[in-house]
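Protein chains in written order, with my numbering: chain Z, 1 to 279; chain U, 1001 to 1381.
A few of these clues could be false.
[As the list claims (entries may be wrong)] Partial chain Z-side listing against chain U, Cβ under 8 Å, derived:
# : residue
1 : A35
2 : K37
3 : A171
4 : L175
To be clear, the hints were calculated from the coordinates, so they are not data collected in a lab. Because the structure is a prediction, the values reported are computed rather than measured. Glycine included, C-beta positions come from ideal geometry on N, C-alpha and C.
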Amino acid sequence: MNTGKRSKFLFSTICFGMAFLYIPIFLLIVYSFNASKIVPVWGGFSTRWYGVLFESEEIWASVALSLKIASVNACFATLLGTLAGLALVRFGSFKGRTLFSGMISAPLVMPEVITGLSLLLLFITLKEFIGWPDSRGFNTITIAHITFSMAYVAVIIQSRLAGMAQDLEEAAEDLGARPFRILTDITLPLLAPGMVAGWLLAFTLSLDDLIIASFVSGPGAVTLPMLIYSRVKLGLRPDINALATIIILAVAIGVLLAAWIMFRQQKQRELELKMSEES
Amino acid sequence: MSAIQNYEDRPWMDPEAEPFIKIQSVSKLFGDFVAVDSVDLEIYKGELFCLLGGSGCGKSTLLRMLAGFEMPSSGSIMIDGANMTDVPPYERPVNMMFQSYALFPHMTVEKNVAYGLKRDGIAADEIGKRVEEMLSMVELTQFRKRKPHQLSGGQQQRVALARSLIKQPKVLLLDEPLGALDKRLREQTQYELMALQDQLGITFVVVTHDQEEAMTLSTRIAVMDLGRFQQIGTPTEIYEFPNSRLVAKFIGNANMFEGRVTENSPDHVTVESHDPECQFYIDHGMSIQKGSKVWIALRPEKINISKEPPANGNANVIKGMVHDIGYLGGTSTYRVQIGDGRIVEITSPNQVRPKDGTPPIDWDQEVYLSWHASSSVVLNK
Ligand SMILES: Nc1ncnc2c1ncn2[C@@H]1O[C@H](COP(=O)(O)OP(=O)(O)O)[C@@H](O)[C@H]1O
Ligand SMILES: [Mg+2]
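Bound-form chain U, shown alone (with noise of 0.2 Å):
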């Protein structure tokens, strides 16, 4: 790393940053069960933070405590230095989109958008130019005499949108923003919510569960399961550099293997692994101890395929059969049996047109996978 740094797009890097909700050891129980284990977090300003999970790992509960509508069992939450651990929703700096967006359905589309300005006590004319603002901005000015029933539903989403963002929230709490549009429409939207939050500087805190979604929208993202966070980081780290076998195989496919570490230099570790026989090794040292017990986690479009055997050494590598292939067009999917029968995929970009048609590699040929020195993750837990 260079000495001179430009925190202003990580703030979380910046050790003099001062984190904007501050998460300190908060717990969640429903009666004896526990939602939320014991978390801190620190998320900072301007942030669009992803919180991702399975369902029922806790994640929306997390997100009501942000908004006040459960009261942490232990812990406290900071925001923008004062505490809210025991305010109430209506008191605190924060609006929430609901997932199943909660439109008032007996008020027009631009009575929803100023209900929060009006609780406010906010002069009629402000509130009326302040509607019209948020309604030309999310592109719904013809609707605002309809109510939420006569509207599609990402014309719903969109008055959703803007009845949460009208009354300029310290922090935007979002919970699976996209999860009722079809797979078009969140696509397209996802990248408007990404330039609206751009454009206002507002902290997005959006809840998940889906991976590619978060790895698109957000700067950080917070793996969750069972109620704590299993790792948190930039979609980068978390893909590149998972820290469990868990996240590895929550974000993206990974193939793994098992073994023991052999050798523990300080510029390079080997992996010996018995199924499928194979040398891993890895290009840099960690801190681990020789003997334990790891597993490798090797993502699919960083393994090579090939007919000849590669020509450095015999480690990363494993010899393989073509068990299945999609072809998909830019990318072809390769699912090759090794040893015992396991199976590893493999993507692999087609960037030579095949001749006459016949793609370079078929079914039930024998092939060779193998990988850089840096490619492989080694995950103890």
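If we strip away everything but chain Z, and leave its shape as in the complex, we get (with noise of 0.2 Å):
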């Protein structure tokens, strides 16, 4: 039959699909738990590497740095891009505003390693007149990630705010309140929600970046894409291995998590509905 064909057909192409994807990860985790050094040559099963990575106290240094830098940049992000997002859409047609909302995207197209040149260049040039950054490391990173990262929380949030009815913050004036009650009582807590959303993207974005943290780092300063990449660089390594499936490990309980919290959402308004139908 047509229908059974189709369904074979695409039976086959997602099973593809998924192996495409998944059969590296697959490997990864295996490989983490092989007891020989050299990667590609299986040697039983083993936790040591586990152990080794643990021990490590250069990578609970890394990782520390990445995260510290990570939520430092999400919130600076979140706050400007929420303030550029709120200025291009709520503000009217201002001066020079087509150039503002151009240039804000600037970094969205932008290739890193021109971004990443620049801000060095940036850094430079103020430690040449001001003598700030004396040194670059968290500070410098922290910088750099925020003028990408708040560019993509601009455009969340613009986004946002187009779709959000201009007439609810009219309703809000029209009932006394004043802009600044505008702001708190209807505008933000109707942007919550992307807000949440551009704060993790930020929070993402930064844990991600290898290049831009490259060139704006200074000796001493390594976050963790940056370690891997380094230790990687000299070959496969089965420590990498085994912090990589940690890595996938956090990932997959974060979008469980995620997925369990909206499910309990949605249960709460449907009984929320059913209660006050009862009442």
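Two independent chains are provided; combine them into the complex using the hints.
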């Protein structure tokens, strides 16, 4: 039958796609439990590389640095990106709006090497003239990350604001709310999901970034991607496989947690609806 | 008119009455585009005033200027004796019900309704009491804990109404208040709205594009087109005495004939039209030039249809052929083809029950259309 053929075709497509996506990850996980020191040679099951990993202070330091940069970056990027989005959508057509709007999305399309290089130049010039930053590391990487991730946040906020009917704000104003009240009572609460999404995106972008961080980092400041890259450059290593497996696990837990929270919220909403119908 | 007048229901006729809202030569430009073109309007306390017009005629813009969301490009707006032209929305004694309702999606019904009072810094227990009263008035008490998205369209409309009434504004502005409801609910809500307005005595200014809605609701109507008022008057005035072809066609149906004034005396006017060949005799005088070009508007329900020619003379009568009949039960709509092929529409009540089911007037029958000498309206624009 036609439908039978089609479903077979669909099925094999899905299998192929899934295999393409997940076989490499699967291999990585398998090899992280390889007792042998030489990655592609199977030497029996072992968890010794996890032990090695946990004893490595270098790795812990880079994880801590990456997380610290990512969270500080996410907070500032959300703040600045939200302000930029608000200015672009809600303050009408001020002078230079088109220019501002184009400029804010430039980091989205700029090659990362160029962003990295130009920021490095900026930091060097600054040091020349005002003596700051005296050394590159946490500060410079964070600032660099904020400059590009706030552009992403601004885009998210812009699209959410554009979808949010302006008459809600007008209704609040009509009922006696002054501009600041409108912001705190109406605009920000309705923007909150967008801001959370923006924060998470900025956080991930920062955790992910290798190129820009490599440009603006200095001696002693090594983020997790930089560490992984520098080690693997010298050949595949089983302890890095273990580290990658842990990261995959963390991501998987994060995704499951998010799905569970969403499911619970849905249930809660249904319950509320039922209760209000009964009362 | 008698010497003793009761102006209570018609404050606009009272020469002593002071208008509650006074709009003086207000214009609004968006760039080069003139959305509202130098309008003057006086609305009296307790009126239910309708701004009626097609889409894009500027009625919402005028309403938004009353609310303070748009600043007039020129002119002034006074409400209850105070100049409101430059007062921001949050300080005006008016509230608005939005076309989209604009309910705060993250607040419950109760919080939505309470919002205006909270902004005024009223004590919590006082707010609770007034919200309670308001919710019971619009019959939403059992929905107080719901979010707007958990309500039907009609319920949302009532929340929006309650929220805009809770501050007891001097004027309530309503932008297409019934536009989003289905037909049956709309008719029912019309009467509820009128009852509410009567009970609260608040001045309502309603924007609508629905002429039936405007006719049912309002004390007076302003018909708008291209940012200007075409006519301001009571529903009866606007329907029976339209001042232009535009108004006559916009409010209800009208058959329009073009002709020239052939006679103009103090007690009657005659107009002759050539296609169709017809004499119009109007039984009152008017200030109009003999020989000038005019249009005659005839409402479908003011035309008689009969098989025999009417007895009195040959003015106010046209011969035609029945082209189409729409039987609506209580009334029938006849579409009659006259002289040059034009169609005239007539509605006539079905007062007599046809004996054997065949209607008295049938398709392709020759008929005479006639009307009373006071029924035709002479228009010169
Ligand atoms: N903020 C605005 N900027 C530019 N043009 C506008 C704006 N608001 C309304 N207009 C224009 O003014 C005209 C009247 O609009 P509006 O008052 O909303 O019409 P309506 O009678 O349908 O309510 C329309 O042509 C509309 O496009
Ligand atoms: Mg409108």
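Structure-based check of all given hints:
{"no.": "1", "hint": "A35", "verdict": "56 Å, violated"}
{"no.": "2", "hint": "K37", "verdict": "57 Å, violated"}
{"no.": "3", "hint": "A171", "verdict": "4 Å, holds"}
{"no.": "4", "hint": "L175", "verdict": "4 Å, holds"}
Violated hints, listed in ascending order, are 1, 2; each of the other numbered hints is respected by the structure.
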